[in-house]
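Position chain B with the ligand against the provided structure of chain A, taking the given hints into account.
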Amino acid sequence: MSIIKKELAVAALENGTVIDRIPSEQLFKVVSMLSLNTIPNSITIGNNLHSGKLGKKGIIKVADYFFRDEEINKIALIAPDATINVIRDYKVVEKYNVTLHDTLCGIVRCSNPKCISNNEPMSTVFHVTNRQPLELTCRYCTRTIKGNKIEIIQ
Amino acid sequence: MKCDSLVSINDFSKEDIMDLLEKARSFEENPNRKVLDGKVIATLFFEPSTRTRLSFETAVNRLGGRIIGFSDAATSSSSKGESLKDTIIMVSNYVDLIIMRHHLEGAARYASEVSSVPIINAGDGANQHPTQTMLDLYSIYKTQGTLENLNITMVGDLKYGRTVHSLLQAMSHFNPTFHFVAPDELKMPQEYKIFCEEHNIPYYEHSDFSEEVINQTDILYMTRVQRERFTDLMEYERVKDVYILRNSMLAGSKPNLRVLHPLPRVNEIAYDVDDNPKAYYFQQAKNGLYARQAIICKLLGIDVE
Ligand SMILES: [Zn+2]
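These protein sequences, in sequence, are chains A and B. Under my numbering, think of the first position of the first sequence as 46, with each following residue one higher. Under my numbering, think of the first position of the second sequence as 24, with each following residue one higher.
Just chain A, same shape as in the assembly (with noise of 0.2 Å):
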């Protein structure tokens, strides 16, 4: 009964990709960080699935659409544990899981108000100086975040 009903929740994809074993309360944040609201393509999104591992998660699949490796491995910022699946005729051509680069481009905002970073039109830059625990360190000022205290830039 349970595994009909998880198929029911979020259809079959011919085409596409599929983000899985996103935590549920980051689900939504991962949704704007990978801009989905800008995409035309059909976008199914189930939240507080059944997840052995998660306990709950939630799910993204966007059909006829395959992410850059860039644009996707950032969300291992918040969702260190999502698996990526690749989907072509039915069938998962490719599975993998988000992993960090070494360094972020553009993605999270220096929390100290007297890095240049804050303070001119141009990018952050972040190296990732821990994986376990995450920190990471910017470029310019060269203070080091937390993984609890990162903040995305929408």
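Keep in mind the hints are simulated off the structure, nothing from the lab. Do not rely on the hints blindly, as some may be mistaken.
Derived pair list, reagent style PhoX-like, types lysine-lysine, alpha-carbon separation capped at 25 Å [as the list claims (entries may be wrong)]: (1) K103/B with K159/A; (2) K159/A with K210/B; (3) K182/B with K194/A; (4) K194/A with K159/A; (5) K191/A with K216/B; (6) K191/A with K182/B; (7) K140/A with K74/A; (8) K210/B with K191/A; (9) K277/B with K301/B; (10) K159/A with K182/B; (11) K108/B with K159/A; (12) K194/A with K216/B; (13) K74/A with K191/A; (14) K210/B with K194/A.
Just chain B with the ligand now, kept in the frame of chain A:
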């Protein structure tokens, strides 16, 4: 060198530092050379600092270069709202090298990314001031004959003092032992203690400024304890006179001990220390001229004997 600008002292390797110390020594022997003949250098001081600007401009003048620039942001186009990027691109069209000071942290790193000529960071807010570090290193090298295996005591504001943080990082190449003497509110930040541990550098923390610590020290690096750094003014009143160096405290110190201070001082070094031959802070400031001459020539790829 990692890049052709000097933004942070970490842009210099140990070899770069040793090379610069030798060049500084050579400039001290003969500071007047026309090696910058035909060169134009900009000093862009978005934040005023007369002391640092005069040191740089003297360095350029004694090398025969010419200077353009401004000494505070009110007289620059940034007061009309021009971005740092636009100012740097415009000026880098005209000159061979830009020396800049800015109140925002990271300004020099950003400038080095948009500039077509090398940048020297003459201070970016609380972040970096690498030429101060080079003159500190040169002062230590000159007075001790080496940078290796020294016992260095840092006193005062170790929390906000960017000069002590940069000096600590630069000295990590040379197997030092550190003593950190500071009030609780202004202790050396955790990240620099972790840095020491990662580099196997022994350090000892003290809240008392005692002769016991002074007597084993080669370099005594004093800094200002500023009232505005304290959240608890009672605490400031309690500690403000604890971190003052008086001449009598140097009675049992090592003969090679030298007292350094980035200047300006307020009251943290009593005036009776000035006449002690171990007081080195005024010569230290003068060494800035030679250290800056060495850095300017290195960034412009000018060889000096
Ligand atoms: Zn920053």
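Evaluated hints:
Between K103/B and K159/A the alpha-carbon distance is near 20 Å, which keeps this suggested pair within the 25 Å criterion. A threshold of 25 Å between alpha carbons decides the hint, and for K159/A with K210/B the separation of about 22 Å falls inside it, so the pair holds. Distance hint between K182/B and K194/A is fulfilled; the C-alpha atoms sit about 22 Å from each other, no more than 25 Å. Our distance criterion of 25 Å between C-alpha atoms is met by K194/A and K159/A, whose separation comes to about 17 Å.
The straight-line distance between the Cα atoms of K191/A and K216/B is roughly 18 Å, inside the 25 Å bound, and the hint therefore holds. For a cut-off of 25 Å, the pair hint linking K191/A to K182/B stands: about 20 Å separates their Cα positions. For a cut-off of 25 Å, the pair hint linking K140/A to K74/A stands: about 22 Å separates their Cα positions. Only pairs whose Cα atoms come within 25 Å are accepted, and K210/B paired with K191/A is accepted, the gap being roughly 22 Å.
Taking the CA atoms of K277/B and K301/B, the gap is near 10 Å; set against the 25 Å cutoff, the hint holds. With a C-alpha separation of about 17 Å, the suggested pair K159/A and K182/B falls inside the 25 Å cut-off, and the hint holds. The hinted pair formed by K108/B and K159/A meets the criterion: a straight-line CA distance of about 17 Å does not exceed 25 Å. The hinted pair formed by K194/A and K216/B meets the criterion: a straight-line CA distance of about 23 Å does not exceed 25 Å.
Proximity of K74/A to K191/A is assessed by CA-CA distance (about 18 Å); at most 25 Å being required, the pair is judged to hold. For the proposed pair K210/B and K194/A, the alpha carbon gap of about 24 Å is at most 25 Å, so the pair holds.
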